Every structure is written in C-alpha cells, then in structure tokens.
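**Q** If you read the protein sequences in the order shown, they are chains S and G.
So that you can map any letter, position 111 of the first sequence is 111 in the numbering used here, and since no number is skipped, the others follow by simple counting.
So that you can map any letter, position 69 of the second sequence is 69 in the numbering used here, and since no number is skipped, the others follow by simple counting.
These are calculated hints, taken from the structure and not from any lab test.
Just so it is clear, the structure is predicted and the values come from calculations on it, not from any experiment.
Cβ atoms here follow ideal geometry from the backbone N, Cα and C, with glycine treated the same way.
Each hint should be verified, as a subset may be incorrect.
FRET-style restraints, in silico, Cβ to Cβ [to be verified]:
(1) G:173 with S:65: 35 to 43 Å
(2) S:65 with G:167: 32 to 40 Å
(3) G:78 with S:26: 46 to 54 Å
(4) S:96 with G:392: 54 to 62 Å
(5) S:26 with G:396: 26 to 34 Å
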Amino acid sequence: MRRLVGPLVACAVLAFAVSGCGDLSRGELSRGVESLGAIAAQGQLIANGVARDATKSTYTRVMAKTMGDEAEHEAEKLADAEPEEAVAPERHAAVLVAEEIADLYGQLQVFPGDERHGAAVEKHMEEAKAKADAIAERLTGEEQ
Amino acid sequence: MKGILKIALGIIAALGGFLDIGDLVFNTQAGALYRYDLLWAVALGTFGIAIYAEMCGRVAAVTQRPVFDVIRMRLGFGPGLVALIASTLVNLLTVAAELGGLAIILTLLFDAPFSLFVVLAAIGIVISVALLPFGGIERIFGYGGLMMLVFIAVAFHQGPDWGAVGKGFIPSFSGSPLYLYFVVGVFSAALMPYEVHFYSSGAIEEGWTTKSLKENRLNAAIGYALGGVLACALVVVSGYLFHPLGVEPNDLGTVALPAQGAFGETGLLLALGGMLFCVGGAAIDSSFSASYNLAQFLGWEWGRYRGPKKAPRFTVSWLVFLFLGVLIVLTGINPVDITEYSVVFAVVALPMTYLPILMIAGDRSFMGEHANGKVSATLGWLYFALIVVLAIVAIPLLLATNGGGG
C-alpha cells in the first residue's frame, strides 16, 4: 500500500499542474483586491488630515506604518499565490496596486506633517482605490 | 442636595466608563459594514446590561452578596467552579485586550515601541490603584471617558440621514452569517459580564445598603442609557464615513478618524484621550473583576477598601491577572483579535453568571420587598432566553465567518 502513495501523489500534482488550476481562486483574489480598496480608502482619509494640517504627526506616522504593513502583506500574499490562469493578469495588476499603496503609506510615514505631500498622497490614494475597484469589478462583474 | 450630586456624579462616571475596547471595535466595524442597520442590536445590548446591572446592584445592596458569592450559593461548588473558570478566562482575555488597546492608543499619541507601552500601561494601572481610593479610580476614568462625547458632536456635524438612523433601531434580520456574527458581537460588547461583576462588587466596596437602591436604579437606567447613546454614535459616525468608502476598520486607530475628519487635531485628541480613559478604566475594571470573582468564590477577604494587608490574596491575584494580561499581549497577538475572541466568548459564559443573579433577585426569602416585580422578572427571563440563544450560536458564527473576516 505504502508503495502506491508516491506515484499517487505524483499523479495528483501532475494533474493539478496540467489543469492550470492555481491556489488563488477568482473569489479569493477579489476579496484581496477589495481589501486593497479599503486600505487605500483609509489612506485617503489619513492623508486628508495631513493635507489640511488637521492631525497629529505621531498618529499619522503610526497609522501609516500599520496600514502600509497591511498593504505590503497583501502584496506579498498575492504575489506568492499561484493564480487560476483566467485571473493571472488581474493578480499581477493587484500586486502592482498593493505595492503602490504601500509606497504611498511610506511617504506619509516619512512626511507626516507636510501638507503638500499629504495632498499629493490623498490624490494618489484615490487613484489607487479606483484601480483596485476597477480590478474588483473585472473579477466580480459588479460595480464597486 | 448632596445626595442628588452624588447620584449625578455616579451617572456621569457610568456614562464615561461605559465604553471599552470591545465596544470601540465592534460598533465601528458594524457601522462600516452595515451602516446603521445594527443600531437595534446596540440598543438591545444596552437595555440588557442595564437590567442585569440593576439586578446585581440591588442584590448586592440588599443581601450584601456580590455576584460570585451568589453563584456559589445558588449553583454549588461544581457548577459554580465551571462558571468561575469560564468567567476568569474571558476576564483574562479582556484584561489582555484592554492593555493592548491602551498600548495602541499610547503608541498613536507618542510613537514609541508597542511593547514598552504595554508594560508602562500596566505599571500606570498599578500606580493608579495604589494611590487612588476606589471612588476616585471610578470617577477619574469615568470623567476622562467623557471626552468620547466628541463622537456625538461628530455625528451631528456629519449630519447623517436621521430617518435612516432611526430605521436602524428597528430590528432587521439577514441570513448572512457575517451579519449575525455582528449582531452577537455588538450585543455582547454592550453586555460584557466583567462590567456587571465590577458594578456589583463596587456596590459593596462603596457600602451600598437598601438606602442606595434609588442610586442603583438611576445609575443603571440613566448611566447605561447615556452610555448606549455613545455606543450608537460610534456606529453612526462610522456608518456615515466608512461605509460609503468601503473602509474596513480593523485597527483601533481607525476609530478616531471620523473625529479628525470633523474637528481636525482637536477632535482627534479628544477621541484618543476619551478612548485612553475608557480603555484604561476597563483594564482596571476587568482585572479587578477577575480577582473579585476568584476571591468571592473561594471565600477570601476581598476589596480595594480593605487594602493589601487585610486582603493579601485578593491583591496578589489582581497583580497576577494584570501580569498574565501583559504576557498575553506581549506574545504579539493583535489586541483587536483578542478583543473579538473575548467579546464572543463572553456571551458564551454569560448565562452561567446571569441565571443565579436572576434567580436570587426574584427570591422573596432573600430579597424581601426588593425582589423582582412582574416587569423586572419578565424582562429578566426574556433576556436570559436571548442570551442562551446567542451563547449557542456565538462559536459556530465565529468559525463560520473566520472571526468576522468574512
């Protein structure tokens, strides 16, 4: 019986590889992308506080670090996963958006009291959210 | 006049001390996900804790017996021990969650390492308890928590559709497990057992007698009702700001964002300051509650008013609970995750402590003329039925929704 286990596992792995199925389904990817949209939306609000000089630097810095880490983590998770063939382009686009959001949070972390940077980051966060929403829309067929 | 002032101060302290990290997390998430749809669950939970607290306070004032004394007397040692273990585990998780929350807020204010603030928060609590009298602790944290009123001002500043807000108080049901999970979470966050155990023991610490029953009723009815308004304000401001944007408030710092949006840095500081006092007060209440329960069940000398010399085991157990809370947070588990587990497990443990109180509150041989009347008894049993149902579904919902992660 034990002799059969090796070939069976090999066949299963081969069948999985040939079928082109990845471990990241459309649903999982779409949930990840929606999270990115939420992280970007929060970034907009945090950056808005910086742009209006209506916040505290320590708050902005700590929030930017926390949320930036979340975006980074999401990017790594998406990049590590093997997507279904049909959603591979969306996965790639999602990783880029996640990196963009993480980078924008990085800027807030470095310049938590700079209104000009705050305004620019707010605008770019809005764009990043729009990109995430567009990817989610392509994946789910529903308007975000 | 002095009596009225005392009652008013008690109500203000109850209002300021109503919210804890569980309310902050669950109410803000509920607003972001379901806008105003879960306001009814907040109201239901608030009404529930007012009923439960009033009964516990009345039982303590009339019989001079706090909650776990009653539990051991009514349930006996074996079942009572199960209730004690369940409550202690929930209290320990709550202590850890509140300490973690305190450290997060301090980090947001002063940007230093989280673990340092966990330790400093625990030291600060020990110093506060060592230096302040019981009433002083309650009032300082209660009054400081009044800064949370900024969220009511934010709600008015935002100017939501008040008709839609009003509709949120009409119970609505959905088959979605996530919705049901948040119903349980929001309800349970309002009805955390440690608050009531602390309230009951506090009644004895402050020497309540049958003369204090009016104070008890007003504290429970008005203090908790006003606290419930604050909890509803969190849902409303989050529903107004976060829901349309799709923000997922998974971090404690996000709770303060609407105040910053409405009133800038002043709003942000008031929100963070209010959260600091509320969560700090809850850390003291929950750690005290854990040692109150243990001491009352085991028949030790207990009470802050007795001091460490006259109640050494009580004092040591309190320090041990605080220390264990610190250790749990320092493992690196996210305090928000600990909060979610403590809130959900709290509702599972709740029937075990609620039932004995309900039974003794209605027992004329113990309570005499102060036993539950028809209205109190009916409401008490209705809530007990509701709590049992929620206790049964809480864990399956936690698993089905991946801890609210969907």
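**Q** Confirm or reject each hint.
**A** Hints versus structure:
no.	hint	result
1	G:173 with S:65: 35 to 43 Å	holds, 40 Å
2	S:65 with G:167: 32 to 40 Å	holds, 39 Å
3	G:78 with S:26: 46 to 54 Å	holds, 53 Å
4	S:96 with G:392: 54 to 62 Å	violated, 46 Å
5	S:26 with G:396: 26 to 34 Å	holds, 27 Å
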